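Chains C and S, in that order, give the protein sequences.
Quick note: the first sequence uses numbering that gives the first Met the number 0, first residue 0, plus one each step.
Quick note: the second sequence uses numbering that gives the first Met the number 0, first residue 0, plus one each step.
A couple of the hints might just be wrong.
As the list claims (entries may be wrong) - From the derived model, a few chain S residues whose C-beta atoms are all more than 10 Å from chain C:
#1 Gly36
#2 Ala48
#3 Ile70
#4 Ala268
#5 Ala344
What the hints assert, rightly or not - In silico EDC-like pairs for lysine to aspartate or glutamate, Cα to Cα no more than 20 Å straight-line:
#6 Lys334(S) with Asp324(S)
#7 Lys113(S) with Glu272(S)
#8 Lys334(S) with Asp71(C)
#9 Lys298(S) with Glu316(S)
#10 Lys334(S) with Asp116(S)
#11 Lys334(S) with Asp190(C)
#12 Lys298(S) with Asp116(S)
#13 Lys334(S) with Glu262(C)
#14 Lys298(S) with Glu281(S)
Stated by the list, open to error - Computed footprint of chain C on chain S, listed as stretches where at least three residues anywhere in the stretch have a Cβ under 8 Å from a Cβ of chain C:
#15 199-207
#16 331-337
Since the hints were made in silico from the structure, they are not lab data.
Since we're looking at a predicted model, the values are computed, not measured.
Where a beta carbon is used, it is the ideal one built from N, C-alpha and C, also for glycine.
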Amino acid sequence: MNSKPLHIRLFDEVFSGTGIWPAVPAIIVLTVVAVIPFGVLLSLGFSDIVVSRGVIVSQELSLRHLATALADPLYHTTFQRSITLALTTTFFCTLLGFPVAYLFLIGGPWVRRIILVLTIAPILTSGIVRTYAWIVILGGRGVVNGVLMDLGLISAPLRIINTPWAVVIGMVQIHLPIMILPLIAVMSRHDRRLDEASANLGASRLGTLRHVILPLSVPGLGTGASLVFTLSYTTFVVPQLLGGGNYLNAATMIYEQVVYSLEWSKGAVTAMILMATCLIVLALFAWMTHLATGWTRVAQR
Amino acid sequence: MKTLSRRLFLGAATGAAIAAPSVLRAQARELVMIGYGSAQDDPLKRAGAELAKRHPGVSLRVIGGLSAEAIAQIKAARGASPYDFAVMGSPAIINAVDEGVLEKLDMAKIPNIKNVDERFIPYAYGMGAPISYAGIGIAYNKQMVPNPPKTWADLWKPEYAGKIGVSRPQSNLGLACVSIAAAAFGKPDSDTDFGLAKWKELKPLVGRTPGLLQQMLERGEIGLCPLWHDNTGIAVASGLPLGYAKVTGPGPLILPTMIVQFTRTAHSALIHEFADILLTTESQNFAAQPPYYFGTTVKGIVAPAGAAAYLPSTPEEVASMVSVDWPKVAPNRGKIVEAFDRMFAG
Chain C
0 MNSKPLHIRL
10 FDEVFSGTGI
20 WPAVPAIIVL
30 TVVAVIPFGV
40 LLSLGFSDIV
50 VSRGVIVSQE
60 LSLRHLATAL
70 ADPLYHTTFQ
80 RSITLALTTT
90 FFCTLLGFPV
100 AYLFLIGGPW
110 VRRIILVLTI
120 APILTSGIVR
130 TYAWIVILGG
140 RGVVNGVLMD
150 LGLISAPLRI
160 INTPWAVVIG
170 MVQIHLPIMI
180 LPLIAVMSRH
190 DRRLDEASAN
200 LGASRLGTLR
210 HVILPLSVPG
220 LGTGASLVFT
230 LSYTTFVVPQ
240 LLGGGNYLNA
250 ATMIYEQVVY
260 SLEWSKGAVT
270 AMILMATCLI
280 VLALFAWMTH
290 LATGWTRVAQ
300 R
Chain S
0 MKTLSRRLFL
10 GAATGAAIAA
20 PSVLRAQARE
30 LVMIGYGSAQ
40 DDPLKRAGAE
50 LAKRHPGVSL
60 RVIGGLSAEA
70 IAQIKAARGA
80 SPYDFAVMGS
90 PAIINAVDEG
100 VLEKLDMAKI
110 PNIKNVDERF
120 IPYAYGMGAP
130 ISYAGIGIAY
140 NKQMVPNPPK
150 TWADLWKPEY
160 AGKIGVSRPQ
170 SNLGLACVSI
180 AAAAFGKPDS
190 DTDFGLAKWK
200 ELKPLVGRTP
210 GLLQQMLERG
220 EIGLCPLWHD
230 NTGIAVASGL
240 PLGYAKVTGP
250 GPLILPTMIV
260 QFTRTAHSAL
270 IHEFADILLT
280 TESQNFAAQP
290 PYYFGTTVKG
300 IVAPAGAAAY
310 LPSTPEEVAS
320 MVSVDWPKVA
330 PNRGKIVEAF
340 DRMFAG
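Sequences are here, hints too, so could you generate the full structure?
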């Protein structure tokens, strides 16, 4: 039996970094900023509330808001739009991000440094600034329309801004580094001798890419896709600025219900649906990643 | 004499460090208000400086934002408002009263209220002091729209098709636009479903806020849109090729702006004094100047010549000056926003 007093043992345990102690600060922060608000959200979503002078004066259990939301065509359209936007963004980020990560793998030290700088630099600036940059580029008098008109390809400016495609373009640019970084992390651990072995066995560069590099990159692709999907699905700023006033996605819908309609229960239900559908898609991504990495796990056993 | 131990000293120092900000704040007496977040805050800041001169240690912090957002923040803070007072238009006042976040101003403590034109008093719904008014007209790009509309119904003429923008109804401007469309075609202001259907016919480009709508106009993405006269005045002063049409039928349309105080403010006396300063002849004359050309509420203030382009100036215009029937429209703001989404984004 340990003969040290309790407070000394506690002190030793905390500062030895064993057990759950190193995670305690994060657990406290998460409890305060995530668990408690989520509890409040649930209680608001599943109840009818009456507010007076800014204070809730009565709260009764009710499934009315959830039932109404699930049957409402506006919700169907809005969530369909949000999921399509997030999946389209994820697709384009994967399509553009993988070649960059591949270049990182085959490139020399300088190429790697340049790729890292170009990937990380945009993250250091505000998303709002980057989104405003797209307004300048895609606007009626922007760079894109200017070049197309100078080349004589169009006679009047195209309307690019305030369309769903402007939102996709902005989202892909904002979230591309989030896709590239996990891929680079996987690529930097890639054993190049496997590529040499593949080449020695007669595989072309493309064959090696397809049968060796791509399968080994699946964990990075899974992580990147999950992050990009989550951020795109719940995004607020880019659709606000690039989509125009009649572009409604789930996050802007929540904002309006809470801020302008002052209907907390509706906003809470929408937020719950957003979170639940996001978790379902993430579970699908995890399952697909698990399936795609099955053979590598077998090989490692 | 008792000696000061190290523990006692450290405890006292820590307590003092924790308490210092609130003690300093209490001594400094900072008033926090919701303003416009732009050049239109100048008259407010000027009045704040005058208040600070009269009461050393008092300062004013003006924070920009839509009134609706401030009401939501106060509701989220369970009535503990992070703001002391605000400039608020009639519809926002109605929404704020519904949420119980406003406290009536005592007009007996605002001596200059006696000089205010009686026509503006009802728009405060007994809650605040009318300090100015803004016009709602049509701002247009002179290069894209050589002949601006003269009436609201003119917007539905084919010559403007594909050039029109409008603000979402979450803002007071957007809400007014829905009612205007109904009134322009002989329906009551409150027939907002009809108003929305008329806007839908125009297939307008929609600005999420009046500010973003104005940016769309400045970038040439739209040729014309309903806009506040003061925003247009500031844009014109910066050299942009914009014009402003004081349209009628209904109109000229105006929206009075009031000083209102939030519940639980600790600075009620100072807020009353601030409102009184804004109603002095000097403050009203300052607010009437370019580039914002605020409409003044105090009797006898002579508007500068340039204001005629933005505000009712002829006796006929002044006589036909109207606002929206806000008590019938503003309480439905949430439903109108939802109906707008069903129609435009659904």
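Per the stated criterion, does the least C-beta distance between isoleucine 70(S) and chain C lie above 10 Å, as a non-interface residue requires? Isoleucine 70(S) not clear of chain C: closest Cβ-Cβ about 7 Å, inside 10 Å.
Could you grab the alpha-carbon distance between lysine 113(S) and glutamate 272(S) and see if it respects the 20 Å cut-off? holds (14 Å)
Separation of alanine 344(S) from chain C, once the least beta-carbon distance is taken, above 10 Å: Nearest chain C Cβ is 4 Å from alanine 344(S), so the label is violated.
Straight-line Cα separation of lysine 298(S) and glutamate 281(S) no greater than 20 Å? Since the Cα atoms of lysine 298(S) and glutamate 281(S) sit roughly 13 Å apart, the hinted pair holds (cutoff 20 Å).
Has the given pair, lysine 298(S) with glutamate 316(S), been kept, meaning a C-alpha gap of at most 20 Å? holds (17 Å)
With a Cβ-Cβ cutoff of 8 Å, does the stretch 199-207 of chain S contain at least three residues near chain C? That given contact holds, which follows from 4 residues of the stretch 199-207 of chain S lying within Cβ reach (below 8 Å) of chain C.
Per the stated criterion, does the least C-beta distance between alanine 48(S) and chain C lie above 10 Å, as a non-interface residue requires? holds (31 Å)
Does lysine 298(S) pair with aspartate 116(S) here, judged by a C-alpha cut-off of 20 Å? Holds, at about 5 Å.
Taking only the CA atoms, is the gap from lysine 334(S) to glutamate 262(C) under or equal to 20 Å? Holds - the C-alpha atoms of glutamate 262(C) and lysine 334(S) are around 10 Å apart, at most 20 Å.
Given the hinted pair lysine 334(S) and aspartate 71(C), is their Cα-Cα distance within 20 Å? Given that 20 Å is the threshold and the Cα spacing comes to 14 Å, the pair holds.
Straight-line alpha-carbon gap lysine 334(S) to aspartate 116(S), limit 20 Å: Not satisfied, since the Cα-Cα distance of roughly 34 Å exceeds 20 Å.
With the threshold set at 20 Å, check whether the alpha-carbon distance from lysine 334(S) to aspartate 190(C) stays at or below it. violated (60 Å)
The structure fails hints 3, 5, 10 and 11 (numbered hints given earlier, in ascending order).
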